[in-house]
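J.: Those protein sequences? They're chains C and B, same order as listed. To convert a position in the first sequence, counted from 1, into our numbering, add 9. To convert a position in the second sequence, counted from 1, into our numbering, add 9.
Rather than coming from a laboratory, the hints here were simulated on the basis of the structure. Hints are all accurate, no fakes.
One copy or two, either will do: identical chains are not told apart, so a pair holds if it fits within one copy or between any two.
In the DSS-like style, the derived pairs of lysine-lysine whose C-alpha atoms are separated by at most 27 Å in a straight line are:
{"hint": "1", "residue 1": "K336", "residue 2": "K161"}
{"hint": "2", "residue 1": "K271", "residue 2": "K93"}
{"hint": "3", "residue 1": "K339", "residue 2": "K186"}
{"hint": "4", "residue 1": "K32", "residue 2": "K339"}
{"hint": "5", "residue 1": "K271", "residue 2": "K186"}
{"hint": "6", "residue 1": "K319", "residue 2": "K161"}
Number of protein chains: 2
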Amino acid sequence: MNKVLIIGAGVMGSALAVHLGNKGQGVNLWGTQWDNEILDDMKKSGRHSGLDVVVPNGIDLYYEHQLEEAFKDVKLIIIAVISKGMGYISKKINPYLNKKHVILTVTKGIDEDTLTTMTQVVEQSLPTELKNQISIVKLGGPIIAIELAKGKFTEGIFASKDIEAAIYSADIFRSPKFRTNISNDIDGVELCAAFKNSYAIAMGIIEGLEGDFNNPKAAIMARGSIEMANIVDAFGGNRETALGIAGVGDYYVTSQGGRNGKLGSLLGQGNSVEQALEIMNNATVEGIPMTLNGYKLLKELENQGRIVLKRDAPLFLEIYNILYDEKSIKDGINSYWNE
Amino acid sequence: MNKVLIIGAGVMGSALAVHLGNKGQGVNLWGTQWDNEILDDMKKSGRHSGLDVVVPNGIDLYYEHQLEEAFKDVKLIIIAVISKGMGYISKKINPYLNKKHVILTVTKGIDEDTLTTMTQVVEQSLPTELKNQISIVKLGGPIIAIELAKGKFTEGIFASKDIEAAIYSADIFRSPKFRTNISNDIDGVELCAAFKNSYAIAMGIIEGLEGDFNNPKAAIMARGSIEMANIVDAFGGNRETALGIAGVGDYYVTSQGGRNGKLGSLLGQGNSVEQALEIMNNATVEGIPMTLNGYKLLKELENQGRIVLKRDAPLFLEIYNILYDEKSIKDGINSYWNE
Numbered sequence: 010m011n012k013v014l015i016i017g018a019g020v021m022g023s024a025l026a027v028h029l030g031n032k033g034q035g036v037n038l039w040g041t042q043w044d045n046e047i048l049d050d051m052k053k054s055g056r057h058s059g060l061d062v063v064v065p066n067g068i069d070l071y072y073e074h075q076l077e078e079a080f081k082d083v084k085l086i087i088i089a090v091i092s093k094g095m096g097y098i099s100k101k102i103n104p105y106l107n108k109k110h111v112i113l114t115v116t117k118g119i120d121e122d123t124l125t126t127m128t129q130v131v132e133q134s135l136p137t138e139l140k141n142q143i144s145i146v147k148l149g150g151p152i153i154a155i156e157l158a159k160g161k162f163t164e165g166i167f168a169s170k171d172i173e174a175a176i177y178s179a180d181i182f183r184s185p186k187f188r189t190n191i192s193n194d195i196d197g198v199e200l201c202a203a204f205k206n207s208y209a210i211a212m213g214i215i216e217g218l219e220g221d222f223n224n225p226k227a228a229i230m231a232r233g234s235i236e237m238a239n240i241v242d243a244f245g246g247n248r249e250t251a252l253g254i255a256g257v258g259d260y261y262v263t264s265q266g267g268r269n270g271k272l273g274s275l276l277g278q279g280n281s282v283e284q285a286l287e288i289m290n291n292a293t294v295e296g297i298p299m300t301l302n303g304y305k306l307l308k309e310l311e312n313q314g315r316i317v318l319k320r321d322a323p324l325f326l327e328i329y330n331i332l333y334d335e336k337s338i339k340d341g342i343n344s345y346w347n348e
Numbered sequence: 010m011n012k013v014l015i016i017g018a019g020v021m022g023s024a025l026a027v028h029l030g031n032k033g034q035g036v037n038l039w040g041t042q043w044d045n046e047i048l049d050d051m052k053k054s055g056r057h058s059g060l061d062v063v064v065p066n067g068i069d070l071y072y073e074h075q076l077e078e079a080f081k082d083v084k085l086i087i088i089a090v091i092s093k094g095m096g097y098i099s100k101k102i103n104p105y106l107n108k109k110h111v112i113l114t115v116t117k118g119i120d121e122d123t124l125t126t127m128t129q130v131v132e133q134s135l136p137t138e139l140k141n142q143i144s145i146v147k148l149g150g151p152i153i154a155i156e157l158a159k160g161k162f163t164e165g166i167f168a169s170k171d172i173e174a175a176i177y178s179a180d181i182f183r184s185p186k187f188r189t190n191i192s193n194d195i196d197g198v199e200l201c202a203a204f205k206n207s208y209a210i211a212m213g214i215i216e217g218l219e220g221d222f223n224n225p226k227a228a229i230m231a232r233g234s235i236e237m238a239n240i241v242d243a244f245g246g247n248r249e250t251a252l253g254i255a256g257v258g259d260y261y262v263t264s265q266g267g268r269n270g271k272l273g274s275l276l277g278q279g280n281s282v283e284q285a286l287e288i289m290n291n292a293t294v295e296g297i298p299m300t301l302n303g304y305k306l307l308k309e310l311e312n313q314g315r316i317v318l319k320r321d322a323p324l325f326l327e328i329y330n331i332l333y334d335e336k337s338i339k340d341g342i343n344s345y346w347n348e
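Model the full structure from these sequences, guided by the hints.
T.: This is how it looks when you write it as structure tokens:
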């Protein structure tokens with residue numbers, strides 16, 4: 010049982026496959042129907058054109074109808090589909106799961122229907138007899154797919170209620186250029202992975218509004234980190250998670266360029282959300298749905314008395330106001346700065 | 010008693026004066042002998058050429074021999090000289106101090122002779138009858154002088170054992186574009202302000218070694234933040250201080266360009282420390298002496314059983330090894346990444 014199954018041959022799934030393949034780890038890379046072209050391309054050329062890397066030996070490619078075959082000799086299953094697809098995919102793999110499997114999710118986000126984490130979506134999708142039998146691990150931290158595929162120094166955190174499963178997953182990933190951390194705070198890692206998208210929009214906003222200066226961005230960097238710790242705390246997780254790789258690290262990497270920051274910058278320069286998205290050719294900007302879902306989640310926590318939004322997440326509140334309550338950028342930023 | 014005295018008319022002292030002056034706060038700006046030219050220039054042109062800003066009304070300029078006059082009508086005294094000058098200056102102002110004064114320090118560093126914080130240097134320099142009578146506040150956080158002077162959004166943290174004094178200082182600084190935080194963790198703010206210089210070198214090193222990629226830098230950003238929290242903790246401060254403005258915020262701002270990063274980048278590209286400094290025209294790089302002083306301080310803490318360097322500050326250890334123990338960049342980074 011020594012192959013890793015990667016569900017989803019998008020940019021992240023493929024990058025993880027390349028990383029593991031380069032380590033000599035056997036990989037079954039399974040694509041959804043939307044990955045057909047990528048799989049064709051890899052089969053034909055031996056390269057992943059999007060990542061601009063050679064696909065190492067030891068990666069076997071599987072098309073959507075070959076899901077059962079893809080499970081052969083597999084213990085670790087990595088789910089790397091987009092957040093909208095988590096529920097669907099989790100159910101799709103049910104027939105092939107057994108209690109020896111370990112599931113590792115890398116998808117970041119809050120599910121818009123249930124306002125739960127990606128891990129919770131997977132857990133809820135497990136067949137009844139396997140609930141609490143299969144360990145679920147979350148891989149968080151600053152991992153830009155293309156940089157991982159190109160073998161740049163990378164660090165990730167493997168979080169699970171089952172520490173043994175986290176260690177098992179980390180061992181599979183560890184390499185001289187991939188540093189690993191272990192945590193039991195899976196909720197904390199999930200929340201940081203999700204919320205950092207909203208704060209990355211704020212980093213862009215302040216840059217678009219004020220210009221490319223570092224005092225403002227540093228202040229937003231710090232405030233986002235504090236608020237993520239407050240959010241994790243309110244959820245029952247560990248504040249330390251926000252301080253490290255999953256919080257500060259992922260927030261930093263997401264703020265260095267990227268679409269959240271780009272959108273924020275356009276907003277800061279005076280565009281409406283609609284105008285900004287048009288300029289960006291309607292690119293998917295994770296922080297936009299995340300801010301709405303995150304707001305609803307935080308409101309739930311507030312109703313339970315576990316957080317006070319105005320006190321514990323004032324910057325997030327203003328991001329929400331700007332994106333969803335038609336608050337002007339200037340008013341939103343000034344509200345935060347004079348709060 | 011409504012004037013603020015700023016001791017030191019270097020770039021930071023002058024920037025603070027401009028910020029306060031623009032708020033309508035009366036300022037006495039006192040320069041050491043090394044500030045004579047700056048004072049002359051400001052008197053003559055009404056501008057600070059280094060900061061490239063107009064000097065607002067309400068700032069009175071005092072030369073070194075006019076120290077006593079500079080104290081007239083003053084309650085808040087801001088010490089903004091370089092770290093090497095803290096002891097000397099603290100003693101120099103002794104004759105004019107009384108218990109109604111509040112001292113605010115902005116200088117960042119660890120004193121090389123005593124291995125104490127800047128606040129401790131000031132405290133130890135106070136005349137006996139005023140020890141524990143005068144409140145000392147530290148201003149920390151990401152405050153680049155030229156950006157503050159130009160009125161960019163800025164956020165700072167005012168830390169003191171005397172919370173009233175911290176609030177008093179913050180009130181003087183607060184403006185619609187200067188956001189303030191209050192803390193009682195003055196040691197934590199001091200330590201973050203000092204140690205971030207070393208970690209900024211590490212950010213530069215990884216960029217110079219690996220290239221301008223974000224996975225590596227994000228990992229170093231996170232690790233530095235965690236380690237600063239561990240160091241603050243070991244010293245008896247509050248880990249949260251490292252999470253916020255004083256830690257993450259200042260670390261971020263210091264890593265965006267700046268001499269620490271520049272030196273690190275040159276080291277990462279293969280230069281020795283000596284070669285790198287030559288390329289930089291022997292510019293002062295705070296992180297270099299800070300790494301030595303910080304190491305000695307941490308060794309003291311380790312001897313007291315309050316920290317375990319290899320476990321709690323492995324990245325700092327490698328920075329020290331690289332700068333002072335002739336460890337190669339590759340070995341240093343690999344030691345950290347494979348630890």
